[in-house]
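2 protein chains.
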Amino acid sequence: MSENMHRRRHLTTFQVIILGFAGVILLGSAILMLPVSSTKGSVTSFHDALFTATSAVCVTGLAVRDTGSYWSAFGQTVILILIQVGGLGVVTVASAVTILSGKKISLMQRSTMQDAISAPQVGGIVRLTRFILKGTFLIELCGAFLLLPVFCHDYGAKGIWMSVFHSISAFCNAGFDILGTSENTFPSLTGYTGNIMVNVVIMFLIIIGGIGFLTWEDICTNRGKLKRYRMQSKVIFATTLIFIVLPAIFFFFSDFQELSAGRRFLASLFQAITPRTAGFNTENLSNMTEVSKAVMILLMLVGGSPGSTAGGMKTTTFAVLILNAAATFRSREEVSVFGRRINNTVIKNAATIGMMYLVLFLCGGFIISVQNGIPLLDSLFEAASAVGTVGLTLGVTPELHLASRYVLIILMYLGRVGGLTLIYAVLSKKNAGNAKLPLEKITVG
Amino acid sequence: MSENMHRRRHLTTFQVIILGFAGVILLGSAILMLPVSSTKGSVTSFHDALFTATSAVCVTGLAVRDTGSYWSAFGQTVILILIQVGGLGVVTVASAVTILSGKKISLMQRSTMQDAISAPQVGGIVRLTRFILKGTFLIELCGAFLLLPVFCHDYGAKGIWMSVFHSISAFCNAGFDILGTSENTFPSLTGYTGNIMVNVVIMFLIIIGGIGFLTWEDICTNRGKLKRYRMQSKVIFATTLIFIVLPAIFFFFSDFQELSAGRRFLASLFQAITPRTAGFNTENLSNMTEVSKAVMILLMLVGGSPGSTAGGMKTTTFAVLILNAAATFRSREEVSVFGRRINNTVIKNAATIGMMYLVLFLCGGFIISVQNGIPLLDSLFEAASAVGTVGLTLGVTPELHLASRYVLIILMYLGRVGGLTLIYAVLSKKNAGNAKLPLEKITVG
Ligand SMILES: [K+]
Ligand SMILES: [K+]
Numbered sequence: 016m017s018e019n020m021h022r023r024r025h026l027t028t029f030q031v032i033i034l035g036f037a038g039v040i041l042l043g044s045a046i047l048m049l050p051v052s053s054t055k056g057s058v059t060s061f062h063d064a065l066f067t068a069t070s071a072v073c074v075t076g077l078a079v080r081d082t083g084s085y086w087s088a089f090g091q092t093v094i095l096i097l098i099q100v101g102g103l104g105v106v107t108v109a110s111a112v113t114i115l116s117g118k119k120i121s122l123m124q125r126s127t128m129q130d131a132i133s134a135p136q137v138g139g140i141v142r143l144t145r146f147i148l149k150g151t152f153l154i155e156l157c158g159a160f161l162l163l164p165v166f167c168h169d170y171g172a173k174g175i176w177m178s179v180f181h182s183i184s185a186f187c188n189a190g191f192d193i194l195g196t197s198e199n200t201f202p203s204l205t206g207y208t209g210n211i212m213v214n215v216v217i218m219f220l221i222i223i224g225g226i227g228f229l230t231w232e233d234i235c236t237n238r239g240k241l242k243r244y245r246m247q248s249k250v251i252f253a254t255t256l257i258f259i260v261l262p263a264i265f266f267f268f269s270d271f272q273e274l275s276a277g278r279r280f281l282a283s284l285f286q287a288i289t290p291r292t293a294g295f296n297t298e299n300l301s302n303m304t305e306v307s308k309a310v311m312i313l314l315m316l317v318g319g320s321p322g323s324t325a326g327g328m329k330t331t332t333f334a335v336l337i338l339n340a341a342a343t344f345r346s347r348e349e350v351s352v353f354g355r356r357i358n359n360t361v362i363k364n365a366a367t368i369g370m371m372y373l374v375l376f377l378c379g380g381f382i383i384s385v386q387n388g389i390p391l392l393d394s395l396f397e398a399a400s401a402v403g404t405v406g407l408t409l410g411v412t413p414e415l416h417l418a419s420r421y422v423l424i425i426l427m428y429l430g431r432v433g434g435l436t437l438i439y440a441v442l443s444k445k446n447a448g449n450a451k452l453p454l455e456k457i458t459v460g
Numbered sequence: 016m017s018e019n020m021h022r023r024r025h026l027t028t029f030q031v032i033i034l035g036f037a038g039v040i041l042l043g044s045a046i047l048m049l050p051v052s053s054t055k056g057s058v059t060s061f062h063d064a065l066f067t068a069t070s071a072v073c074v075t076g077l078a079v080r081d082t083g084s085y086w087s088a089f090g091q092t093v094i095l096i097l098i099q100v101g102g103l104g105v106v107t108v109a110s111a112v113t114i115l116s117g118k119k120i121s122l123m124q125r126s127t128m129q130d131a132i133s134a135p136q137v138g139g140i141v142r143l144t145r146f147i148l149k150g151t152f153l154i155e156l157c158g159a160f161l162l163l164p165v166f167c168h169d170y171g172a173k174g175i176w177m178s179v180f181h182s183i184s185a186f187c188n189a190g191f192d193i194l195g196t197s198e199n200t201f202p203s204l205t206g207y208t209g210n211i212m213v214n215v216v217i218m219f220l221i222i223i224g225g226i227g228f229l230t231w232e233d234i235c236t237n238r239g240k241l242k243r244y245r246m247q248s249k250v251i252f253a254t255t256l257i258f259i260v261l262p263a264i265f266f267f268f269s270d271f272q273e274l275s276a277g278r279r280f281l282a283s284l285f286q287a288i289t290p291r292t293a294g295f296n297t298e299n300l301s302n303m304t305e306v307s308k309a310v311m312i313l314l315m316l317v318g319g320s321p322g323s324t325a326g327g328m329k330t331t332t333f334a335v336l337i338l339n340a341a342a343t344f345r346s347r348e349e350v351s352v353f354g355r356r357i358n359n360t361v362i363k364n365a366a367t368i369g370m371m372y373l374v375l376f377l378c379g380g381f382i383i384s385v386q387n388g389i390p391l392l393d394s395l396f397e398a399a400s401a402v403g404t405v406g407l408t409l410g411v412t413p414e415l416h417l418a419s420r421y422v423l424i425i426l427m428y429l430g431r432v433g434g435l436t437l438i439y440a441v442l443s444k445k446n447a448g449n450a451k452l453p454l455e456k457i458t459v460g
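First to last, the protein sequences are chains Z and U.
Heads up, the first sequence is in the working numbering, so the first residue is 16 and it goes up one at a time.
Heads up, the second sequence is in the working numbering, so the first residue is 16 and it goes up one at a time.
Warning: the hint list may mix true and false statements.
Identical chains share a label here; the pair holds if one copy fits it or two copies do between them.
The calculated SDA-like cross-link candidates involving lysine to any residue, where the alpha carbons are at most 20 Å apart (straight line), are [as the list claims (entries may be wrong)]: (1) LYS240 to GLU455; (2) LYS242 to GLU455; (3) LYS240 to LEU161; (4) LYS240 to THR54; (5) LYS308 to LEU391; (6) LYS308 to CYS167; (7) LYS149 to ARG238; (8) LYS308 to LEU42; (9) LYS249 to GLU455; (10) LYS242 to LEU148.
By construction, these hints were calculated from the structure, which means they are not laboratory data.
Starting from the given sequences, assemble the full structure and let the hints guide the process.
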């Protein structure tokens, strides 16, 4: 019976997460449709508004309208708010509002919050929420201050808005930029390839946003005592490091041959960090080799860490699958890492999530390629970018057919809300008998 | 202690399988190097002989030398013997020799045999070996007789050799053909696109060879009583059917637009069956759309059924991963199908095998693309073809750099011997303490 109650609670909290995201997206779309949101002062079509709002709330960064030139200051502010809400998570924001307004947070809210950020226990949720909010704003503020000199030098007073926007966009792994003009749309950070300050600040914001709220908490609690860190935090550190260093080295030797060694190092490092899952780019990605594009697709699918502003199947999922393979090869029955065992259910979930991201990515890419007659690699890149909520593109987004745009909208939503959250909510009612069926052998491989 | 003994036995049998395959490959290479093996009567380089022997023993069908025009009748016979040995499995052949020579089969041989064909128990292995041998030769004989009229009409007396060769090559899912001439190399079956007899016979041989020896036994034992079939056989029937019908429909609508409806149907069906993992083609695959090529890559990776002449990660592996995903989505703790539960260890192994094939396929494809400067999709196609022991190619095999050919040799070997077999053999010595470490939560997805 206690298990049943547990399930009913899950069902409700997951439904809250899903409906919360959907509600914010629809509200955002409605506001973005208003004439005041565009620079031209005309009504934006529902399709474009929905795409933009979904991209913002799901912190993806794919855009059918250039953010810098199409949307007005008001529209950009709406987008920034959507990014901030989407980055923190709808539930965290709702809890924050309750806490800040002085009301008591309900048990229901506590457990929803726990599921939303994958916290290990319900206790201390209020403290954790405060911690997340304080941390987020502090880091975003630091980022904005550090970007201020560069943008104020280039844009004058408007540079303040620029700094705030890009700091938040980077920390939330959103990848939206407002550097576009009507002559030069969708530039991302290509104008700042060689600017060390912009590169370093943005990279740090991306990484800090992408390692997850619980990992911060572990860092703040345990500081130098690495042994006392959660196993999950250690796994996140290891995978994050590997997935930055290896691709950076690869890109350094295979791409950007026309740049000087220093700028090439910077460009390689930035393009290694951004696919998981920030979505800024400082170089034109279309010029990269096919293999580099494929490596980026893999990085986009892996994504960031759980309970963070980043998307993708998550570093921990990938790590668990690798650890499982290592355990099989060493013919160990139990999968373990850093002196801790990993549950079989976790491994099965990881396999499911990996499978789901692969299926969504491949189906999406195939549909987009067939429908628009564009090269398969570009379509797969676009699909991986959407389902991983990355926002990088080889330049095809604004030219896609309407149906393909809706494919991207669905991929972004599923990618952000997390497949499991969605599916548990929809299907877990059916959870029926645990009656043990007879076991039968089946050969694999 | 009994577990230790079990492990030692496993270690030995797996080593026997690996070394057996390697030994046959090296012996075959040596014979193929002899002047008598080539039509020109000159010594063949070790690289080319090794590639051809590996491709034959691993029943892949990739070729750096056109089988029909480069190799003499003697060389072709050697290749055919290698195919037959590789298709049945080195261990099955060794057991067969023992049994046929009237000697008593040792316990060691029995258990090796059991591992080699993934039989459920050691008992009845002799009976099973006889059954496999009889079945194989009977079906290959039927196939050859049915092909006789066509090939004798086109080639006269040489048609008998043609029929035997292609019947064995199809049943063993080898994909080698001897239809090439010095003017028209590597034709595969493109000369018989519209020939219903050749198409149907070859398709049946491929399917029967690819569903696995144990599945035949199930069919012969239980015939119409579907309920009494092994769960594994049912899974194999279901996946085989799905992976033939769906791709055939897709190819029918996306490719071969220039053919008449009837021939288009035949071409679509043939090209849907051949990637798993026969390797013949009746149409020029380079003319297919990019998405169709990608679908073929997926089919090649999935491959045939366990304990068969086919390669790939196996239909059952894929089915177990899909079933696991379905169970997660329905929040069931146990994975089940056809009224039977599937063990957690099986699911973890399936995840490992899936991961391993993906990693080998991606690494191989990336290396080939970078080294030879050919399009990524073509390289990935080539790598999937090698690791799935399929033998389809977009025409790049003979032009590859030497290093890339060795990459293909390694992929073919690992793909055929089966990753787990290899790795258990090499690493299982290390299998150490089962001391239970503390369990710790980790969030995935
Ligand atoms: K993003
Ligand atoms: K083959």
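Now for the hints, and whether the structure bears them out:
Taking the shortest alpha-carbon separations for LYS240 and GLU455, only the inter-copy value of 18 Å comes in at or below 20 Å, while the best intra-copy value is 47 Å. In the homo-oligomer, the alpha carbons of LYS242 and GLU455 lie at most 20 Å apart only across protomers (14 Å), although the nearest pairing inside one protomer, at 42 Å, exceeds that limit. Taking the shortest Cα distances, LYS240 and LEU161 never come within 20 Å of each other, neither inside one copy (30 Å) nor across copies (74 Å). Neither within a single protomer nor between protomers do LYS240 and THR54 lie at most 20 Å apart by alpha-carbon distance, with minima of 52 Å and 72 Å respectively.
Proximity of LYS308 and LEU391 under a CA criterion of 20 Å is satisfied in both settings, with 12 Å inside one chain copy and 10 Å between copies. In the homo-oligomer, the alpha carbons of LYS308 and CYS167 never lie at most 20 Å apart, since the shortest distance is 34 Å inside one protomer and 51 Å across protomers. Within a single copy, LYS149 and ARG238 get their C-alpha atoms as close as 18 Å, which meets the 20 Å cut-off; across copies the closest is 69 Å, which misses it. Taking identical chains as interchangeable, the C-alpha atoms of LYS308 and LEU42 are never at most 20 Å apart, the minima being 35 Å within one chain and 42 Å between chains.
In the homo-oligomer, the alpha carbons of LYS249 and GLU455 lie at most 20 Å apart only across protomers (12 Å), although the nearest pairing inside one protomer, at 37 Å, exceeds that limit. In the homo-oligomer, the alpha carbons of LYS242 and LEU148 never lie at most 20 Å apart, since the shortest distance is 27 Å inside one protomer and 59 Å across protomers.
Hints 3, 4, 6, 8 and 10, counting from the list given before, are not met by this structure.
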